[in-house]
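Please model the complete structure; the sequences and the hints are all you need to start from.
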Amino acid sequence: MIRKEIVLPAPREEVWEALTEPERLEDWFANDVELDLRPGGGASFRWSNGEERHATVIDVEYERRLAFEWDDEGEVAFTLDDDVDGTRLTVEESSPTWSTALDLQASALALV
Amino acid sequence: MSDPLNLVFGALADPSRRQVIGYLSTRGTATATELTGELPMTRQAVAKHLATLADAGLVEGERQGRETRYKLTRAGTEWDDRLDALRRHLQRR
Numbered sequence: 020m021i022r023k024e025i026v027l028p029a030p031r032e033e034v035w036e037a038l039t040e041p042e043r044l045e046d047w048f049a050n051d052v053e054l055d056l057r058p059g060g061g062a063s064f065r066w067s068n069g070e071e072r073h074a075t076v077i078d079v080e081y082e083r084r085l086a087f088e089w090d091d092e093g094e095v096a097f098t099l100d101d102d103v104d105g106t107r108l109t110v111e112e113s114s115p116t117w118s119t120a121l122d123l124q125a126s127a128l129a130l131v
Numbered sequence: 371m372s373d374p375l376n377l378v379f380g381a382l383a384d385p386s387r388r389q390v391i392g393y394l395s396t397r398g399t400a401t402a403t404e405l406t407g408e409l410p411m412t413r414q415a416v417a418k419h420l421a422t423l424a425d426a427g428l429v430e431g432e433r434q435g436r437e438t439r440y441k442l443t444r445a446g447t448e449w450d451d452r453l454d455a456l457r458r459h460l461q462r463r
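Chains A and B are the protein sequences, given in the same order. Under this note's numbering, the letters of the first sequence match residues 20 to 131, in that order. Under this note's numbering, the letters of the second sequence match residues 371 to 463, in that order.
Just so you know, the hints here were simulated from the structure itself, not pulled from any lab data. Heads up, a few of these hints could be off.
[Unchecked claim] Using 20 angstroms as the maximum straight-line C-alpha spacing, the simulated EDC-like pairs for lysine to aspartate or glutamate come out as follows:
(1) B:K441 - B:E408
(2) A:K23 - B:E448
(3) A:K23 - B:D454
The following block contains the structure:
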């Protein structure tokens, strides 16, 4: 599993909108976005290079947590927490095929 | 041997291939020619090791002119770019 954390200079409400409103996602995540924001709802992301990915929403906790499952592989979860400088956003992505390989790669590196 | 884990363990079992991984980890990227100059192996051996590591998903190559430049696979680097884009998006508003 990979985990990334970033502190964003905006309140949680604002970050939540940037993560969940298609027209805002289209400004930073993909070029064309459809999102049905409820568990079981579908999401489609299209990029200008022709790439297209689909996902299913698995968890929505208003202004707190959004999780979805890629139809091809893996899960992504966003968690929002208040921070003195704005909002701490944590992204976790798991993917069965690469996670074990990369864990082992890291172990091998520790032994080189 | 098509099981992904077999490929990974097989690739990491060889000390020379672990050396290649160690080198890529320190230098970031390398071509087969550069690795041949640095490691006690023939170019042919280096190329074979790189192919095995790539099959296991541990390294990835990008064609650059006549050579291929290799780096360690690092899952999640796309999130660095995406989160950077999100930060810029929030700053624009």
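**Asked** Hint numbers the structure violates, sorted upward?
**Response** No hint contradicted; all consistent.
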